[in-house]
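Trainee: Chains as they are written, first to last, in the working numbering: chain A, 1 to 282; chain B, 1 to 373; chain C, 1 to 195.
Calculated directly from the structure, the hints in this document are not laboratory data.
Heads up, a few of these hints could be off.
[To be verified] FRET-style restraints, in silico, Cβ to Cβ:
1) B:GLY335 with A:ASN48: 33 to 41 Å
2) B:PRO28 with A:GLU157: 44 to 52 Å
3) B:HIS373 with C:ALA191: 38 to 46 Å
4) B:GLY112 with C:LEU33: 23 to 31 Å
5) C:LEU33 with B:PHE184: 44 to 52 Å
6) A:GLN276 with B:PHE184: 45 to 53 Å
7) B:SER208 with A:ASP46: 27 to 35 Å
8) B:PRO28 with A:CYS24: 41 to 49 Å
9) C:VAL120 with B:PRO28: 20 to 28 Å
10) A:ASN48 with B:SER208: 49 to 57 Å
11) A:ARG272 with B:PHE184: 21 to 29 Å
12) B:LEU3 with A:ARG255: 49 to 57 Å
[Stated by the list, open to error] Straight-line C-alpha distance at most 25 Å; calculated SDA-like pairs for lysine to any residue:
13) A:LYS18 with B:VAL195
14) B:LYS300 with C:SER55
15) B:LYS45 with A:SER279
16) B:LYS4 with A:LYS18
17) B:LYS4 with C:SER158
18) C:LYS164 with B:MET1
19) A:LYS17 with B:LYS4
20) B:LYS292 with C:GLU73
21) C:LYS138 with C:SER100
22) B:LYS4 with C:ASP130
23) B:LYS292 with C:GLY74
24) B:LYS203 with A:MET240
25) B:LYS292 with C:GLY63
26) A:LYS17 with B:TYR222
27) A:LYS18 with B:GLU96
28) C:LYS164 with B:PRO182
29) C:LYS172 with A:ALA273
30) B:LYS4 with C:SER55
31) A:LYS93 with B:PRO199
32) C:LYS164 with A:ALA281
33) A:LYS93 with B:LYS300
34) B:LYS45 with A:ARG272
35) B:LYS45 with C:ARG18
36) B:LYS45 with A:ASN11
37) A:LYS18 with B:PHE230
38) B:LYS203 with A:ASN21
39) A:LYS17 with B:GLN239
40) A:LYS93 with B:GLY221
All residues carry an ideal CB built from backbone N, CA and C; glycine is no exception.
Chain residues, written in single-letter form:
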Amino acid sequence: MSRLEQHSAYNYLRHTKKFPNVWCAGCGIGIVMGALIRAIDHLELDQNDVALVSGIGCTGRMPVYMDFNTMHTTHGRALAFATGLKLAQPRLKVIVIMGDGDALAIGGNHFLHAARRNMDLTAIVVNNAIYGMTGGQYSPTTPIDLRATTAPYGNVEPPIPVGELAIAAGAAFVARGTVYHAVELDRLIAQAIQKEGFSLVEAVSYCHTTLGRINKLGTAGDMMNTIKNNSVTLSAAEKMSEEDRQAKIVRGVLRDVERPGYLRLYDQVIERAIAQEASHAG
Amino acid sequence: MTLKLMQGNEAVAMGALAAGCRFYAGYPITPSTEIAEVLSRQLPKLGGKFIQMEDEIASMAAIIGASIGGLKSMTATSGPGFSLMQENLGYAVMTETPCVVANVQRLGPSTGQPTSASQGDVMQARWGTHGDHPIIALSPTSVPQAFDLTVTAFNFSEKYRTPVILLLDEVIGHMRERFDMPDFENVQRVERLGVNVPPEWYKPYGDSVSDVPPMANFGDGYRYHVTGLFHDPMGYPTQRLDEIEAWIQRVNRKIERNLDEIILTEADGLEGAQTVVVAYGATVRSARHAVKLARQRRHKVGLLSLLTIWPFAEAEVARLAQNCRRIVVPEMNLGQLALEVERVAGRSKVRRVNLANGEMIHPQMILEAIEAH
Amino acid sequence: MPDKNASGNASKLTDTGRIEIRLAGEGGQGMILAGIILAEAAAIYDGKNAVQTQSYGPEARGGASKAEVVIGEGQLDYPEVLNADALVALSQEACDRYASNLKRGGLLIVDAEKVTRLPVSHAVKVPVADLALQATGKAITANVVALGVLVGLTGVVSRQAIEKAVLGRAPKGTEEINRAALKAGLDSAGAELHL
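Okay, chain A solo, but in the shape it has when bound (with noise of 0.2 Å):
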């Protein structure tokens, strides 16, 4: 029996102070709090070793309701903030959560030179596909033809590959999950805070109250089952034509490599600097 069922998600929530969230009903956001918690409840983690940090947008207000040391950053800037803590507190766990505006427009940069510098961070960034909390405006994630707010003729502008890109940029663990398949998420994120380097877990999700309103997808739970119809395993995508493949959200774990992350590498340089002060003081 996990601690989560002796204790009860309760534990790792701000309930008594923080809740109703600002989450609309059928948000896919919270799913993807709830397998953060199952995966920190799993890896028996100390909530006083865990950072929680963020940008703005839906996505950005997530680790308000959740007790452990949390920041809510600047739009785009967690990972740059998450940076700077956890260099200054290396033993914390921090993870950073963002959505894709958030992760890959305004703070497109910081995502790339993180995931290049293998600095010792978990990102996770909830993907759906629209600018959620400012009304439904496309976002860099956005399909090709869909409309949104300032899109109202359909979006031409093509979608970046979150995953891909992560491992373009060099990061140490790509995994792909949705919120329709949450137990998966759970472990993917579980895998993702315990690797070294940087670690990113794109959570496919969706917005039933803007960008499906405005483009007739339905209801969220019409939304969820288009992931659920439109997601395949990597193995099965592996025996899929390229083409086939294209079409589809591609689940699992995208790269897994070692490497060393930031900290032990910058420890290389404390360790090369003394060594230098010491060779010139002898």
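Here the structure of chain A is known, so what remains is to put chains B and C in place on it, guided by the hints.
Mentor: Leaving out everything else, chains B and C in the frame of chain A:
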């Protein structure tokens, strides 16, 4: 003590180390880059950390993150980078996170003239980030003072839980002067007020006698929330008018009630002076020269050097204005701090001396303003 | 008689014993480093006060660059040159640009080969670059030769101080070359004085 010919930027870096700075994040930009270069070499020797971030926005974010993690932190930049830092500077104000931002001013706007001197960011330092907020900005007039005021900047930031801006200009940043640097153990350091209550009693933004709430570092066992939204004493976002109002009042009050300590000035011959020069930064050096010559010519001239630019030395300037006939305000800009002097002393009493082409103000220009009728 | 000339006034402003030196050349000739060395000689090894400033284009090479050193006994107010007591110019452009506020009767030292048009009637012409090549085989030591000429002619800092300052800044393994360059400059100044 170590006798050196030291550059202003290096003195900032050494002052930071002396003050206990153990984290630097920054992005290269002329004319501030030497601060980063020195700290990249020195910090790891002390077990501290240096990181070159992808831009100035990230740099400002990283030092706030590190400060919340418990390290004294700083960044350094110049005009264009300072512009990029403004949003997160506001976050530091809102979250009451101690940190130091050195801005070695260069000629602007925009890319401007990277190696030319300027004092054009005085108002940006005050109001660059949006919303009503207090700020502390210090401006050294020499290399030894760049060291001292960097220490002071860290001490103020920790004591008052506020970002402090070190407003250098290119002249002071790049100039080399004789400096007998004190041993770091002899430098007076202020540490942030820690928490001495159990976690369940801790209010990260609660009222306190000093208006500066004790600060727990992430990882110390006090799990709390930090946000750029208006927040209640527990740190949780609030829309309650009384809580918003209380925050604004307290955060401004914590600076205002300590003006005597925060406002640093140097007075030279103000007693009985008919004309007073009010200057700051490298311009003080021009002013001293001009004042000496004016005294040789038997003018009764005083010099008030403002080491603290923000908050503005309102009371001191008001006192001066009552007793002197004229106040001369030389600046390497088109008149920024002069606006404050005029507000306090009245426009008719103030004579501005301005130069905004990248050159230092020549003492002759100030002398002419002192002598003009 | 009040002097209406602005720079004339400024020269009377000088602090006690204030001496102003300007060192100019092409970017990359090491004139800023020469300025730092001169200031270190004064401030660290001669026990005086000194302040060094500089100006250069953002580009690392080419263009004219200058270093200024103000040396004095007590507090030095204005850190830049008001009226140079001495100007060392190693290129024509540097001479053209920076000779304007050379004090009346001030000392102008130029590289004899590179500066042909002179702004004042009298200048000390020394083949600085040639001397550097002869003494060390390296044109890059011209800045140290120039310092030798300046110190030899003016005594603005002591010979011991300039030697310590040059060696203090010399990269490991180049001490002898730098010593030779300094000596070449000092010797040529000696020859000038005996003309």
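Trainee: None of the hints should be skipped; say for each whether it holds.
Mentor: Right, here's what the structure says about each hint:
no.	hint	verdict
1	B:GLY335 with A:ASN48: 33 to 41 Å	53 Å, violated
2	B:PRO28 with A:GLU157: 44 to 52 Å	32 Å, violated
3	B:HIS373 with C:ALA191: 38 to 46 Å	55 Å, violated
4	B:GLY112 with C:LEU33: 23 to 31 Å	26 Å, holds
5	C:LEU33 with B:PHE184: 44 to 52 Å	28 Å, violated
6	A:GLN276 with B:PHE184: 45 to 53 Å	19 Å, violated
7	B:SER208 with A:ASP46: 27 to 35 Å	28 Å, holds
8	B:PRO28 with A:CYS24: 41 to 49 Å	44 Å, holds
9	C:VAL120 with B:PRO28: 20 to 28 Å	41 Å, violated
10	A:ASN48 with B:SER208: 49 to 57 Å	23 Å, violated
11	A:ARG272 with B:PHE184: 21 to 29 Å	22 Å, holds
12	B:LEU3 with A:ARG255: 49 to 57 Å	55 Å, holds
13	A:LYS18 with B:VAL195	23 Å, holds
14	B:LYS300 with C:SER55	35 Å, violated
15	B:LYS45 with A:SER279	12 Å, holds
16	B:LYS4 with A:LYS18	56 Å, violated
17	B:LYS4 with C:SER158	18 Å, holds
18	C:LYS164 with B:MET1	20 Å, holds
19	A:LYS17 with B:LYS4	57 Å, violated
20	B:LYS292 with C:GLU73	16 Å, holds
21	C:LYS138 with C:SER100	31 Å, violated
22	B:LYS4 with C:ASP130	33 Å, violated
23	B:LYS292 with C:GLY74	14 Å, holds
24	B:LYS203 with A:MET240	56 Å, violated
25	B:LYS292 with C:GLY63	36 Å, violated
26	A:LYS17 with B:TYR222	16 Å, holds
27	A:LYS18 with B:GLU96	22 Å, holds
28	C:LYS164 with B:PRO182	23 Å, holds
29	C:LYS172 with A:ALA273	20 Å, holds
30	B:LYS4 with C:SER55	21 Å, holds
31	A:LYS93 with B:PRO199	20 Å, holds
32	C:LYS164 with A:ALA281	21 Å, holds
33	A:LYS93 with B:LYS300	64 Å, violated
34	B:LYS45 with A:ARG272	9 Å, holds
35	B:LYS45 with C:ARG18	40 Å, violated
36	B:LYS45 with A:ASN11	42 Å, violated
37	A:LYS18 with B:PHE230	15 Å, holds
38	B:LYS203 with A:ASN21	22 Å, holds
39	A:LYS17 with B:GLN239	15 Å, holds
40	A:LYS93 with B:GLY221	14 Å, holds
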